[in-house]
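**Student:** Given next are the chains, with one letter for each unit.
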Amino acid sequence: MIRKSMDVKLNVKPVFIFFGHKYYYEGPCRFAAGDALQPGFDTMTNGFMFQGMMEGVKANMPDCVNLLPEVQIEVSDDWDIKEEYFEKLFGNTDEVDVYLLTPSYGPSMVYQEFIMRSKKPVLLVPNPWSHIMTAGLANDGTYNLIRERTWPLAVTRLKALAAKKAISKSNFLLAPRFNYDIPVEGGVDSFRNLEDVTKLMGIHFRTINIHELLDELHPLTEEGNHTTPGKQTPNITEEEIAELEKYADELIAGAKDVQLDKDKLVKSLIVHKVVQKNMDLYDCNGVVLPCPDACSTRRLNKEQITFCFTHALNLEMGLPSSCEYDISAGVSMLALMTVSGKGAYMGNTLPMASFDGRPLKVDGSFPFTFITPEEGAKVMEIMEKEGKENLVFIQHSTLHRKMKGVNEPAGDYSLRHFAYDQKFGALFRYDYNQDIGQTITVCKFSSDLKKMFVGKGEIMMGVGYDTDNCNGGLIYKVDDLEAYMEGQSWAGIHVPLVYGDYTEELKMLAEEYGMQVLTF
Amino acid sequence: MRKDIKESILRRQDEARQFTERFLADPAMSLEEVTACVHGYVCYKFFLDPAKCKGMRLMDMAQKSIEKAIEMNIPIAKEGEKASTCGGASSVAMKLGLLMMAMKRDFQVELSPAAIGMARDTDQLGELVHEARNS
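Those protein sequence lines, which keep their order, are chains A and B.
Going letter by letter, the first sequence gives residues 1 to 520 in my numbering.
Going letter by letter, the second sequence gives residues 1001 to 1135 in my numbering.
I should point out that these hints are in silico values taken from the structure, not numbers from a laboratory.
Think of the CB as a built atom: it goes at the ideal place given N, C-alpha and C, for glycine as much as any other residue.
Be aware that one or more of the hints could be misleading.
Over 12 angstroms on every C-beta distance to chain A, these chain B residues come out as not near it, computed from the model [what the hints assert, rightly or not]: (1) Lys1006; (2) Arg1012; (3) Glu1015; (4) Ala1025; (5) Asp1026; (6) Gly1040; (7) Lys1052; (8) Gly1055; (9) Asp1060; (10) Gln1063; (11) Lys1068; (12) Glu1071; (13) Ser1135.
Derived pair list, reagent style DSS-like, types lysine-lysine, alpha-carbon separation capped at 30 angstroms [stated by the list, open to error]: (14) Lys58/A to Lys1064/B; (15) Lys1054/B to Lys58/A; (16) Lys58/A to Lys1052/B; (17) Lys1104/B to Lys22/A; (18) Lys1068/B to Lys58/A.
Build the full structure now, drawing on both the sequences and the hints.
**Tutor:** This is the structure we're talking about:
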């Protein structure tokens, strides 16, 4: 089964520990008079406060949180600490991801012991009181205590924790030709050791050899596939092909421009269907497919396919899907998509200035091989206006229609092809020019898992809409290109992005993993 | 001006008292009638209009009452100085707590502090009072 990361909820249990005086008396620790000194008065006001606080908690919880039934206890001026308190407060620990604790004055020993005993993170309800009163435990540094000063910060933390949980429940399908971790060519700057990824993030990897996958693009015969003779495999079926023929008609009818033959589109849709069947079979919510390693088999040419459309359709479904066998790009997409609920886009990403600050040529030399002369002129115009030192260029061929959210209506699109000569390899083209001024967030985990490259930019123009091949993308502006270039030099060539500003959530996620944040 | 405020306070205290007297005079009161008495009592004690506060949360009523007191220039500092707990109850919770203590006395009923603390509005409070009288 495919379980989307963005559907995973963080189970948060609100915990209230109140204090009530059992007797009438006055002295140096009582600040009340009259009725407020009577037994039972504190219990009443605790109840009223609980009502108000719970309302505040509910109003502040983000969509990624599943609020569990709250629990409250009232301890007394007998200063007793009972096991039953903790049994009640912790509840069924298996279902809890985070405790949201509201401490108060009086039961300090109880809430401190609760924090010390907790095996799950304890997030304090943000207010100056709880922040200051837990200084002792926070300084110890060994407890699972999270303190944020404001509700917006606490909510951002919860989003980061929800993403961490969703990531830990993810499985990625890998389809290598050669190596399990690093391809021969493509995402060679990816994670060096996948076992470390599993240890740190909890992601597991499932593998199918690329040749076995490609064999499944045709209906299964009695003899079985060439690479797996006699075995039952999730090949495409005749019925599914018939369905995809209809889907292809719908896609063609909905496109603003079509530069692709229907039979080539169907072939690309078959690839997506087979990949989906394998993701379902292996319980994967992400996939990483090779590009140069697979291309050089000549089987993609033979099958008249590329994987671009598979990636685009997966991304639209909220499933990270990375090309060039770049696993760290795929996992970075997972993080971006989980915090944003939007489809990510990844591509070759390069600054538009060389390291000595000179602008790169936009006349057809690398990396602007794919920019048309008209686009080149516009780039020059932007460089004049914005300054050459702040622009970044990203291009690939996995553009899709759900940049604004996987649950939002699909944006306008064209259909084009990848291969210039034979015109195979379906592609969506999305015109980023309609989103000029849009804020984007970029994120990439470093290959050693010790750093996260993260920051935001602003779309300045789209490129490649009217062209074929691996050249759809955009140019965005960043505040500090020098810091950007330094960060990217540790992150690698593919820098995934999503629409919107999610930098704070991602920085907190990096903190959760103990990573250094490289920002710009 | 001060005289006007004092008269207003006394008038409202008197109106609140009428509800408790009506309640005490009729032991066979229905739940609806008890609730109406509780609602009227709380509203007049809080300087609020009963017709405008139906279904309002008790905490909101207390909040509105504080705002009203400030608006009417009624001195609340004295009450605030005395009404404070070690647990750091808010002024709204304190005001509500003090009113509940007074209500228990005026209606001559024993109510569980925990149950009062969880009451959302005067309807739920009315149920508690009705139940306490008939148990």
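**Student:** Please go over all the hints and tell whether each is borne out by the structure.
**Tutor:** So, going through the hints one by one against the coordinates:
no. : hint                 : verdict
1   : Lys1006              : 21 angstroms, holds
2   : Arg1012              : 19 angstroms, holds
3   : Glu1015              : 22 angstroms, holds
4   : Ala1025              : 25 angstroms, holds
5   : Asp1026              : 27 angstroms, holds
6   : Gly1040              : 21 angstroms, holds
7   : Lys1052              : 21 angstroms, holds
8   : Gly1055              : 15 angstroms, holds
9   : Asp1060              : 10 angstroms, violated
10  : Gln1063              : 9 angstroms, violated
11  : Lys1068              : 18 angstroms, holds
12  : Glu1071              : 22 angstroms, holds
13  : Ser1135              : 18 angstroms, holds
14  : Lys58/A to Lys1064/B : 22 angstroms, holds
15  : Lys1054/B to Lys58/A : 24 angstroms, holds
16  : Lys58/A to Lys1052/B : 26 angstroms, holds
17  : Lys1104/B to Lys22/A : 19 angstroms, holds
18  : Lys1068/B to Lys58/A : 28 angstroms, holds
Of the numbered hints given earlier, the model fails hints 9, 10; all others are met.
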